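Hey, can you work out the whole structure from these sequences and the hints?
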Amino acid sequence: MISLDVNGKTQELDADPATPLLYVLRDYLQLNGAKFGCGLGQCGACTVLVDGRAVLSCVTPISTLAGRRITTLEGLGTPEKPGRVQRAFVAEQAAQCGYCIPGMIMQAQALLERTPHPTSGEIRKHMSGNLCRCGTHMRILRAVERAAREP
Amino acid sequence: MNPRGAQGMNRRGFIARSGALVVSFSLLPRLAGAQAGKLPGSLSKEPMLDAWIRVGADGRITVFTGKAELGQGIKTALVQVAAEELVVEPSRIELVTADTARTPDEQYTAGSQSMQESGTAILHAAAQARVLLAELAAKRLGIPAEQLSIRDGAVNRVAYSELVAGQELHVRAQPQSPLRDPAARTVMGKPLARVDIPAKLTGQPVYVQDLRLPGMVHARVLRPPSYGARLKALDSAAAAAMPGVLKVVRDGSFVALVAEREYQAVTAARALAAAAQWDEQAKLPDSKEIYALLPKLPSQNTVIHENGKSATGAGMIEAEYRRPYQMHASIGPSCAVALYRDEALTVWTHGQGVYPLRGAIAEMTGLPAERVRCIHMEGAGCYGHNGADDAAADAALLARALPGRAVRVQWMREDEHSWEPYGPAMLSKARGRVSADGTVEDFQYELWSNTHSTRPGPAGSLAAAWQLEKPFAPPPPRPIPQPTGGGDRNAIPLYKFANSRVVHHFVSEMPLRVSALRALGAYMNIFSIESFMDELAAAARADPVEFRLRHLQDPRAQAVVRTAAERFGWQAWKKQPGRGRGFGFARYKNLAAYTAVACEVEVDRDSGRVRVRRVVAANDSGDIVNPDGIVNQIEGGIVQSTSWTLHEAVAFDRQRITSRDWGGYPILRFPDLPESVEVHLVNRPGQPFLGTGEAAQGPTAGALGNAIADATGTRLRELPLTPARIRQALGA
Amino acid sequence: MRPLALIAVAAAMCSACAAEPLAPVAAPTRASFDPSLIAKGAQLAAIGNCRVCHTAEGGKSFAGGRPIETPFGTFYGTNITPDPGTGIGGWSEQAFVRALREGIDRDGRHLYPAFPYEYYTRLTDEDIHALYAYIATREAVHAQNRPHELRAPFNIRALVATWKAIYFERAPFRPDPARDAQWNRGAYLVNGLGHCGACHTPRGALGAEKKDRPFSGGIAEGWHGPALDARSPAPVPWTAEQLFKYLRTGLDDVHAIAAGPMDPVVRNLARAPEEDVRAMAAYLEALAGPPSAERRKKADAALAQAKAGSRANGRGAEIYAGTCAACHDRGRDAGSGGALPLGLGTAMTIPTSSNLLRITLEGIAPPEGQPGRAMPGFADALTDGQVKDLAAYIRSEFGRAPAWPDVEQELRKIREERK
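Protein chains in written order, with my numbering: chain A, 1 to 151; chain B, 152 to 883; chain C, 884 to 1302.
Derived by calculation from the structure, the hints in this document are not laboratory data. No experiment lies behind these values; they were computed from the predicted model shown. Every residue gets a Cβ at the ideal spot worked out from N, C-alpha and C, and that includes glycine. Treat the hints with care, as some may be off.
If you want the ones that stay clear, here's a sample from chain A, every Cβ over 12 angstroms from chain B, calculated [as the list claims (entries may be wrong)]:
{"hint": "1", "residue": "E12"}
{"hint": "2", "residue": "R26"}
{"hint": "3", "residue": "G37"}
{"hint": "4", "residue": "R69"}
{"hint": "5", "residue": "G77"}
{"hint": "6", "residue": "H117"}
{"hint": "7", "residue": "A148"}
Between beta-carbon pairs, the in silico distance windows are [unchecked claim]:
{"hint": "8", "chain 1": "B", "residue 1": "P436", "chain 2": "C", "residue 2": "G968", "range": "18 to 26 angstroms"}
{"hint": "9", "chain 1": "A", "residue 1": "P79", "chain 2": "C", "residue 2": "G968", "range": "57 to 65 angstroms"}
{"hint": "10", "chain 1": "A", "residue 1": "T10", "chain 2": "B", "residue 2": "A425", "range": "54 to 62 angstroms"}
{"hint": "11", "chain 1": "C", "residue 1": "P1234", "chain 2": "A", "residue 2": "T78", "range": "50 to 58 angstroms"}
{"hint": "12", "chain 1": "A", "residue 1": "R68", "chain 2": "B", "residue 2": "Q428", "range": "37 to 45 angstroms"}
{"hint": "13", "chain 1": "B", "residue 1": "R718", "chain 2": "A", "residue 2": "T78", "range": "50 to 58 angstroms"}
{"hint": "14", "chain 1": "B", "residue 1": "R302", "chain 2": "A", "residue 2": "T78", "range": "27 to 35 angstroms"}
{"hint": "15", "chain 1": "C", "residue 1": "T1132", "chain 2": "B", "residue 2": "A425", "range": "39 to 47 angstroms"}
Right, here's the structure in full:
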């Protein structure tokens, strides 16, 4: 049994310790935020926060996560009370298919926690590990800038 | 295109008629010059109003569409259309999309036709439903219909749900509808926030990838290492014994593994793959020789356009353009869930056409079509025919192998990259001449391409079906006829030339698996034609924008060209070393939206790297339903086309696809993004809806190619316009 | 320190030892050069790797601004575009030659040996001539040079004169008549333009090459440049064919992908003439010499393990199994998703943990928009404790060598750099 702190709640999991966090989040905990995009750590769709840092959950086995604070999209806000970054993305209508957006939101959250007022160049650089295939990039950048402006 | 419906018609003159099920529209005053007969949009195929609109006793209004949300915002736009004509708050409407058990058959959500087909149908169905509801109220209240007030889903405060007790909406539609005056609109044409975004951004189970059914199990399919490979030997004992594995399914060369937990399926499938031996037979062409090969393969040659007399002989400008295989490369690999129970099969899929898919799966499984139900659930953006239908076929086969258990098939990244059908490689040749007065005297264009559609269709379109013990052969490919076209989409320019001729060489032999990728042949044809227009303009010593206007007679085309040029500051632009500007224009399919793109780039001669500084676009999509939806699609199309044009080509060796993940098929990332993108809309209220989703792909490519030529003084004609190619063209 | 005292005295005596300034000239036009000369210069510049040090990340080519970390502080690559105000547009060919041969700029000041003139001094006149044609015809970019940030006393430029007096050997390249033309070409390129020794030869406290042990291993920007001589730590000894493939593409079947500072080198060598890269490969193979019987036995064992995969236990093994094995146990194939079995990688066998730690934490990214293999970085996914356990496991299981002594300090260094 492995014990994980997910969004502030302790979860007891009867899973192989080598299981990447992504599968545990989706298959065991029914959390949809982190998405399967490649399983190879190349696209960022699976991004979550571990101790406030952006991490690719598809290449992070749960054996390494004991005692660490895992935050997923669901931990940033709810449909009734979305978090600051989620609100900014909705306000900018920063989505087409929306599949990459949860990963973008988590990556942005990690950035803003360390750099509350990033420049546009810093945002572009920081987000470069996350792919968007629909071409929503311009809105994503505007959404991150918008979130940074909110208190 | 005929203008829709009755401009200025209102509720006056409706006369109540009791009892009859047939709508009393026969009593509606006819429009002067109105046409009888053909029903607008998809109503022509599904004429019953309640196939589209239903009013529930609880006040909820359900609207049905055979189209699917692909991330293009169609759900929102259709809700706006219905809300407008039904005079209700958009939030009161529940939209049901593509489901073979519940919605009309609108074939595929493709070709940017959703607004033209479904939007038009719902527009009219909603308007006619409104009229019916007014009549019901008039009858009930004993007040003439023209004195009634319709507001907020109620007629004189009597809610629609109270007016409808039974089958009142089960009537055939009429060819004409009393549409609301565009000037009085409150919902259509207004920026309504996308109805689907909040759920997606808060982790609600929206995508088919999020679907979880009781007792659902997880499957992985072993895709062969190359096209046509046969399974020679499989020692499945070790994999079958791994934790959680329920079954190894084998039918000929179709092999899959089913397990309780998803990661168990992933690891066991790896072990199974290692224990499989394949007989590979694929002989792929040398990827460097594909453009020499295409014209040598047998082809069906059609003159699709001829005007005047085109010349042969010397003294003409000639150019050849090339486009490689390119991928959809959806960010979320394909996925499907299927359940076979009580001899009925249900498949949850993100395929673009649930009805054709149902037919293909029925044929493949031998089940009667009425026992197969395909329900669309969103996937990641597909941009055409990707692996979605194949994942559905996989799931269907496995569901049959495990009756009573919902089976989820998730394609891995390598599966999607290697097995999705690509946008075909294309070759084009242009020849032309400018006369002394600076106009194009002769324009000749020919292109070579495979089919741009191998959609289901028959079972033989499904990759799983090729691997079965009793396989289904892929059907012979057929060209999509003009004016829509496939490889020849937009091969006929909108420009008017004194003499012109366009030839389509349809090549049936497909070395790589191909099908529809956003814009189909239009991407490459517009790139070629717009590049060539600049070459002709240079020969005429004319400004590229002015030169285009010289040859455009359609005032709407002229308007978008002028708008883009003005907003870009084309006249005042000053050339600086290393920088260039370019222009691209097309009317998608010569039938759908008009788009003009102007851009500025900076090229580093030494590295060959292109920095896109500004992109300014203008778009006319007819009557705008959701302005931000159009801007989103055009912006997205510009960025995606920039990625295709500067970066993308599928890599393959003599046997296998070698672009199997993002490392092997890089796409644009944030550092490569244009510095700014602007989209300016030209609204045409009352005009027909024009499809937007694919309108930016070709013009963007044309603009980029022309800007790079302007920046470097050298014309590049082979896509993608990579740093290596630019360096090579420039020399040291 | 005695050498330092020596230098201080010599500097005081030698302060007038700078050279004559050379008058600025009008920047030559492209038309004044034969296009084939410019093309030749381009190829030489690809081997010399000029673009890498003289271009900032995302910046214009050759316009300078790139930080180069050394034990003496940070150097910033200069603007060598033909801009007359901020670049070298005013440099005559004579000034250019003097810079490469003698390490002196147009004003007569000594150049720091971070600019590797101790290697370029070996270039032939014709090659410098071609390089000048290439460099002088780049796109002029107006960009002020950023001052170097060096620790005292290294920020005293005049001291370079003394360093040169002691360490700089102005010797032209002399071909070895006992060797064939290809070897000599390779020797000329590796020891001259390629300046491979800058990273692969150990240096003393003042940054001078240890001339008695060329190519026995060095450092560059925190990475270890493995030994290229008989001390080569590569699990599978390099053949000339493998070296050629690696130098051209960054990839070879039984060796790790080019990473860190080697990545831009191989990308530039992809643009160099094929025969030149082959010559370098032939020279390097000869440099290492034929592998001993013991080394060949170890190579066979490494290849066998690569097929079998890893099987051990322990905390590090568990981290490996969940984090690395999915890609690295699969082995590399023509498609992707799989990666080199670690037993074949040099990062595991060199005396320092720096390379493995850097790759583990940073990952490997293909150059922007170009096809290439990608590896994610694990800097935020793994805690320091987990990194140490993993490194220890990888060293013992795949490096088959005693534990590294420097994991703690290298890890700290990398974490600091990332802040």
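Status of the hints after comparison with the structure:
no., hint, result
1, E12, "holds (16 angstroms)"
2, R26, "violated (7 angstroms)"
3, G37, "violated (5 angstroms)"
4, R69, "holds (18 angstroms)"
5, G77, "violated (6 angstroms)"
6, H117, "holds (18 angstroms)"
7, A148, "holds (16 angstroms)"
8, B:P436 with C:G968: 18 to 26 angstroms, "violated (53 angstroms)"
9, A:P79 with C:G968: 57 to 65 angstroms, "holds (59 angstroms)"
10, A:T10 with B:A425: 54 to 62 angstroms, "violated (37 angstroms)"
11, C:P1234 with A:T78: 50 to 58 angstroms, "holds (53 angstroms)"
12, A:R68 with B:Q428: 37 to 45 angstroms, "holds (43 angstroms)"
13, B:R718 with A:T78: 50 to 58 angstroms, "violated (41 angstroms)"
14, B:R302 with A:T78: 27 to 35 angstroms, "holds (34 angstroms)"
15, C:T1132 with B:A425: 39 to 47 angstroms, "violated (27 angstroms)"
Violated hints, listed in ascending order, are 2, 3, 5, 8, 10, 13 and 15; each of the other numbered hints is respected by the structure.
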